[in-house]
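Order-wise, the sequence lines are chains A, B and C.
For what it's worth, this note's numbering labels the leading residue of the first sequence as 1, then goes sequentially.
For what it's worth, this note's numbering labels the leading residue of the second sequence as 1, then goes sequentially.
For what it's worth, this note's numbering labels the leading residue of the third sequence as 1, then goes sequentially.
Be aware that one or more of the hints could be misleading.
Stated by the list, open to error - Result set (EDC-like, lysine to aspartate or glutamate): computed pairs, CA atoms no more than 20 Å apart in a straight line: (1) C:Lys175 with C:Glu199; (2) B:Lys185 with C:Asp117; (3) A:Lys92 with A:Asp240; (4) B:Lys185 with C:Glu114; (5) C:Lys74 with B:Glu304; (6) C:Lys175 with C:Asp202; (7) B:Lys185 with C:Asp110; (8) B:Lys185 with C:Asp202.
Bear in mind the hints are in silico, worked out from the structure with no lab data behind them.
Computed from a predicted structure; not experimentally measured.
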Amino acid sequence: MELGPYILLASLEGAVTAAVLALTAVGLSLVFGVMRVVNIAHGEFFMLGAVIAWFVAQTVGGHPALGFVAALVIAPLVVGAIAAAADMTILKRIDYDPERTIVATIGLLYIIQQLTLMTYGPEARPVEAPFNQRLAIPWFEWGEEGFEFYFPWGLSTTTYKLAVIGAAGVVLVGVWLMMARTRIGLLMRATQADRDMALAFGIPVERVYALVFGIGAALAALAAVLIVPIQQAHYLMGADPLLLSFIVVIIGGLGSLPGTVVAAIFIGLSDGIISVFFSPTLAKILATLLVGLVLVFRPQGLFGTRAA
Amino acid sequence: MSATAKTLTLHLGLLAVLFALQFVLPAYHHGNLARIMVLASYAVGYNILFGYTGLLSLGHALFFAAGMYGMGLTIQYAGFTPAPALIVGILAGAVVAAALALLALRTTGVAFLIVTLMFAQAGYLTILYFGEYTRGDEGFVIQAFDRMLWGIDLSNPENRYFAAWGLFAVCLLLCLRLVRAPFGKTLVAIRENEERVRMLGYNTFAHKWGAMVISGTISAAAGAFYGLLFGYAGATFASVQYSIFPLLWVLLGGAGTVLGPFVGTLFMFYLIDLSSGVTTAYLLIVGVALVLLTLFAPQGLTGELRRRVWRWLP
Amino acid sequence: MTLLSTRGLSKHFDGLKAVTGVDFDLEEGEVRALIGPNGAGKTTLVGMICGRIPPSSGTVQFDSADITALPAHKRILRGMAYTFQITSVFARLPAAENVALAARRRLQGDAVDEAVDDALNRVGLLDRRDEEAGNLSYGHQRLLEIAMGLVQRPRLLILDEPTQGLADSEIDAFKALIRELSAEATILLIEHNMSVVMETADRVTVLNFGEVLAEGTPQQIHENDAVQAAYLGTG
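Chain A with its partners taken away, still in its complex shape (with noise of 0.2 Å):
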């Protein structure tokens, strides 16, 4: 395949990771723009997204589509309320101490990943897409006869990646309507701004708190139920999104959810594009490097906006 075609298909496989991280990332983001916590466990919940996507798939049985509609329901909503449960017995009780909660997310880290080793399994296993057709895509160029459009092989995409980046835009669009629009999205502004303030005026800080924790961890379970057609389930799978992640909400600066959205769209499409010419370590070690020296010259974030 020449240059142009190809730089097209890693534009689309890198939209496919971009929304997918923009999931993930903003529920990292948003519990650490209202709770100040870092969840070092969030790709742990992410991995178990898709555990859970796999056994629901396999219960349900039938048509692809009915299992995998029903893990898009109970998956996020499982994971969620192990969040807001890990919320409520761990950190509500160490009261939120910014590095004390990183020490215990990183215990919660190895137990969930540990557990599900002895449930799940070592296998990667993958659960079905409920549709999935090859769409071909065309190519244009200026060749001796003039304008040719052709179809050039193995670039093509499918119905299912299309379906979800959607997807991902609906969500994404649906987390700001709730932090815009809702009675429990003010709730969240509130305690984000000033918890001791929201607390004098009767918001119920702790119920706010794990149910931003549940919600992020349920935004990266659904990620991880989008992504699993795609990419199998596996109990180790839950690094790389942290990473990436936390690479998304560094450089879009910390806590601001417009400013992770737009890092995530950036990250995920240069990932693609960049893999094309290096090697996909030396990417990842440049985006490191490239996290660590935001953090220290620049904390506000690439596209730092404080507020979120």
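Please arrange chains B and C on chain A, whose structure you already have, making use of the hints.
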């Protein structure tokens, strides 16, 4: 007995017991204890930054690996003998720590933690990237004939135990000396209230930088010895897990205590050793221990001991 | 001789003018009180003098040298000492170690212990030297702060609201301590308690809306109409 005399008795007593144990322990535990002493040296280094200075790093695997690969690669490719290779390893760790500290110490709190994590991750990926030389995750073996230090064969278990004991003794006494010196006391004060220390006329950045270099250098020494004594260098030792381990050992044993790192390493090593007989998911124990520690014993074992019984414990 | 002088010292936070164009001179050996309503910019001004806050413009001279560009710790080494408005002793360290940290900037070895005991004795805390600072009463923590200041043998001792939250009997002891200290150091005192100002200060500077409103002896200030107006909110 004065507090100083008690302190010396306790620490020298521990070293004497560890020295004597080599003659009585069965082979299996003999080997374990040698490993524990090297890993505890790593934890001692970590504790200087985390326990005494109050800086939580998630990037110490970078220093441990710098020591290990600085030593291993020079033996493997430059034909160095162990003594200069160890020195290269330790220096490599010191240089990496000095450079990273200059960057990372511009941040505080959670940002510091993430910056150290990111740079360590970049280091780990770099080792994978140059897999042609480092052999990546698989790692490479340092042959027994390359492990002769001044005519002493370090692949022999007795010599290995002695070398591990020597390293641990040096690190422990160094740490003890440090925390009783004005420099160490200033570090503790920085941990408690950095701004106040600054307004007493101390250059707190320079102090924190010094703490990170000392901490990184000790960690690198542990990494270099680990590779040399057990004849293996692999990328796993640079992974984030090996940054979390010393944090866990120090938390368990007691952050900001001289003995804590050893107690924590000993305890955790045997906990994992016992549980790995039962399940392959031994990291579950690590996770549960981390959560329980943050919830119920943030002071760790030695810290609780100091709080309840021996208030003079350094 | 002038020990400290500022020229045109200003600090703006995002357009908010906290301190504007302050020219301030402090003679060696005097006790100067800095007063003004809440939010007048007292702590900001002192913060710029001792290097906690970088100024937006203007200069600071100490002992005939321009120290505007020096970081805080170097200013302290030149002979300033600063005690915090909000008590910030090292709560988990013994009282003696708190003072020792301050003493070790200029002393070593046994001389540290001597100086520590001397300083604790002067503020009346010697019998509590081994107690954890966090367990001391609030008044004692304030005194410990002052001991940390005076053990440095500073040429300029800056005390930020030292009597805030003290009982009356403790305030009387504090006044005596200030008079005693004034023999060895120049003292700059941010203070709300007018009886302390009247009885200890040689001169008083009044700050209002970030500018110097008046300066003079306690008596002059007491009779100054503009100062009365600023405090009472009239005129």
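### Query
Which of the numbered hints above does this structure break?
3, 5, 8
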